[in-house]
Amino acid sequence: MIDTMMAPTVTLAGLTVDVNEEGFFLQPEQWAETMVPELARAEGIADLTDRHWQVIRFMRRQFEEKGTGPTVRVLGKTSGVSIKELYQLFPKGPAKVAARIAGIPKPRGCI
Amino acid sequence: MTEHIVILGAGTGGTLVANRLRRLHTDEDVRITVVDQDGEHLYQPGLLFVPFGLAHGDKLVRPRQDQLHRGIELLQVAVERVDLADNRVVLADQRTLAYDVLVVATGATLVPGETDGLVGPGWMERVFTFYTLAGATALADALAHFDEGRLVVNVVDMPIKCPVAPLEFCFLADWFFQRRGVRDRIQITYVTPLDGAFTKPVASKMLGSLLKEKGVEVVTEFNTGTVDGAGGHLVGYDGRTVDFDLAVVVPLHGGADYVARSPSLGDELNFIPTNEHTLQSRVRPNVFVIGDAAGLPASKAGSVTHFEGEVVCDNVDRFLAGAELVDGYDGHANCFIETGFGKALLIDFNYDTEPLSGHFPYRIGLPLLEESRLNHLGKLMFEWVYWHLLLPGRDIPGVGSTMPRSGKRLVKTHQEVKA
Chain A
1 MIDTMMAPTV
11 TLAGLTVDVN
21 EEGFFLQPEQ
31 WAETMVPELA
41 RAEGIADLTD
51 RHWQVIRFMR
61 RQFEEKGTGP
71 TVRVLGKTSG
81 VSIKELYQLF
91 PKGPAKVAAR
101 IAGIPKPRGC
111 I
Chain B
1 MTEHIVILGA
11 GTGGTLVANR
21 LRRLHTDEDV
31 RITVVDQDGE
41 HLYQPGLLFV
51 PFGLAHGDKL
61 VRPRQDQLHR
71 GIELLQVAVE
81 RVDLADNRVV
91 LADQRTLAYD
101 VLVVATGATL
111 VPGETDGLVG
121 PGWMERVFTF
131 YTLAGATALA
141 DALAHFDEGR
151 LVVNVVDMPI
161 KCPVAPLEFC
171 FLADWFFQRR
181 GVRDRIQITY
191 VTPLDGAFTK
201 PVASKMLGSL
211 LKEKGVEVVT
221 EFNTGTVDGA
231 GGHLVGYDGR
241 TVDFDLAVVV
251 PLHGGADYVA
261 RSPSLGDELN
271 FIPTNEHTLQ
281 SRVRPNVFVI
291 GDAAGLPASK
301 AGSVTHFEGE
311 VVCDNVDRFL
321 AGAELVDGYD
331 GHANCFIETG
341 FGKALLIDFN
351 YDTEPLSGHF
361 PYRIGLPLLE
371 ESRLNHLGKL
381 MFEWVYWHLL
391 LPGRDIPGVG
401 STMPRSGKRL
411 VKTHQEVKA
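Protein sequences, first through last, are from chains A and B. With our numbering applied, the first sequence covers 1 to 111. With our numbering applied, the second sequence covers 1 to 419.
Same shape as in the complex, but just chain B (with noise of 0.2 Å):
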């Protein structure tokens, strides 16, 4: 009997999960369709250089359909509903799919009209944001004519997809105002909803002193209200205010919006709860998550998805073979973090271990918590990574699901030494 295994989302994940589960079947036991409501596929860590003329938008962008193999269907449409009582999917066409392993890939969603003011007066004119390609193309505009004022970059509110990317985006900034000889005229202030720099300890210390460094003003626990992009200021709900020029906002996140309209299959937030160790869906067995569409405590972060793959492969197959599923998932989350003058960090952490200092993958290889050059090549390479090893599902050499421990330097691993 051919089972039918059904990839809603074509992104990062929908993709490799498709590739990987189609390699490991034939045509006659499995069928394999996936479905997105569009055809192009963005490379979106690509996105934070665009405001910078470091990256140009219609190179970021691939057919859909050129990165899936052969033998899996693609339908480009729009999702109306899941069923998850009947193990069916409605298309937005009124077609229905039905399935025996559904694979939620649908990503995070942008949710700016969340915020009051957010999308009003002097949205796409002094309040952009760079997590879509229209917006990062036009706030590269924006910026090339920016000669003196405030630079705000606020994060609204948690999760947003890679946590560290605003932070990328202001070592970016004083490297690219320095260049352009303006940066003494312009004054950079960080806008977070945290407590720190970042949510680890550890890294969050590390990125504070950088940001310091670099001369970027850093406000912390605050919980923007309203945009007033007429008025230039951002408001918080604390009654706290912060003017400027130019603003830079990480709308809030939500899953996607066919989530909301699917009875029990999301939270509040329309983010899936998915077990964290074996990435089946709490909601039903036959259901499975991969990526930024999962309610996990781990980062929304390309890399997540990544390491997610392998696990979520093996558990459709051991689940389809109606064996026990692995806890193989351990929330292995790897990030290089763009500092700018040509320097990168790289940090490294799972569900229990924070981002540490040392090498990756083993102790000799790429250093991590620390600013080099090898770092920010390593993140220009990762993009051809990207297209040829990563969405074909293949594995990356050294880089395996579960995070390496040999080259770090663990404060627990000295005294199980010494014991």
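So that you can see chain A by itself, here it is in the shape it has in the complex (with noise of 0.2 Å):
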């Protein structure tokens, strides 16, 4: 189980990985795709569509990419997937919430 509120580090899929007080990667390249569904699990997600896996590995793509993740505004124009079906897929924020589960750091759209 994850306890995204205490844990500096949590284990998924075997193995152990270091993340902050709000349950982001600190080291993205600790994450891989099995770790997927325990971690969609932790955010409320039981059913893990092809949908959610397409925005997932969306933005790990753009983080490989751009060194920081898309914002909702961003993804909506990009990842081929509407706003309001993100937050369909993500209801407690896609953003954060599908960052979270791709093991990438907090998107930093905001300054």
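FYI, nobody ran anything at the bench for these hints, they're computed from the structure. Wrong hints could be hidden among the right ones.
As the list claims (entries may be wrong) - Computed cross-link-like contacts, DSSO-like style, restricted to lysine-lysine with a CA-CA straight-line distance of at most 30 Å: (1) B/161 x A/92; (2) B/205 x B/343; (3) A/92 x B/200; (4) B/200 x A/106.
Using the hints, put the two standalone chains together into the complex.
Put into structure tokens, the structure is as follows:
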């Protein structure tokens, strides 16, 4: 189980990873796709669909290309999933939740 | 050989870069052409004061031409697109401008149409923005007659120009309604997509408690999906709603429209990918970017543009001379935050250092992160500084382009001293 409020490290798919107090990965390279179902369950997502995966993989690619995850608005423009659907997939806030599941830092969009 | 520098945009950044470069080069060495779609230069920091009758629109606007030094050609025409591959700009009248160096200074554009319902029923009647002169002027009239109900101030999403302006609007609204004797019948609610009042932790805490002190309710992590002007509510993508009698909305921002028509120039929001220290674009070595047009992790604010100016000019020169560019820009930003009742706060920060307390620019100076009358006077004086020092591209005495550290209470410095 992941206690995102407390844990400096969590164990996922048998591996130990470092996260911050908000549950964002501190070292994105520690992430693996095998951790996704467990990470998603912790966010209250029991049924991982292809659409979820599309967003998660997109987040991951964006991070690898640009060094930061996209904001909701950019996700809506570029991921192939509309903002409305993004909120259906990740009701608690697509950018943050999908970033946590994709193992990348909190999106930096807001300056 | 005469090099041709083309600058797109004659706002804060375009004007100060043109003037600085003009002073650095003879007419034989460098030809400078500036392009802007209209002839009026608006002092944007003044917009905040218009809704409260503290500034008037006609005083905030001056001719663009008058802000540019002799020897700079200003073309008043829209840009159709930039052809990076051919090093040329195509203008709306089909003329083309070939350039050796291009400086993109076309700022950020409001895109209210991107939010459902925002420009629908109620727009400019009970839903306003103060980010345009027309909006700020219309809002002045609405506020003068607003005697009871709920005023909602909403930022749809970041990035926006001057991220502190919507907070200042709340502070001034509190002061304005108190002065009119109606404050007890009016609720003020600040609705933000952020998880606090502001983006930087120390300033966010300070500004958050100031909002609380002034009786401003704060709704956080609200992503506005629809503005229902007729029904009087904001609807979030997550289903939450916020009711209003009067809404002041800061619309979504994007880069200029022509960026979308220019192959490979901009990102998905039409901002230009830019090196955060050299201010050279990441799209072509002979393209530089200044101000809000840049896709940088810095605030979209006049002070940022001002501090970038020196670095952009230096690096344009270096590029023309075939020299190595300097990593000169540190993300320095400096904002006066008007808090009402003749007082203001001052914050000063860069990419690595968040706004801290202390004094600016030295140990003796304006108080940082603290309300004072001196800061309010500083903000008022800035208008003169803007037209007479900043746009002409002159240095402001005591204020360099990198963030000063001497007057700040830096935790790290403390430890360094001990060690």
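Hints numbered earlier in the text: which of these fail when held up against the supplied structure? The structure breaks none of the hints.
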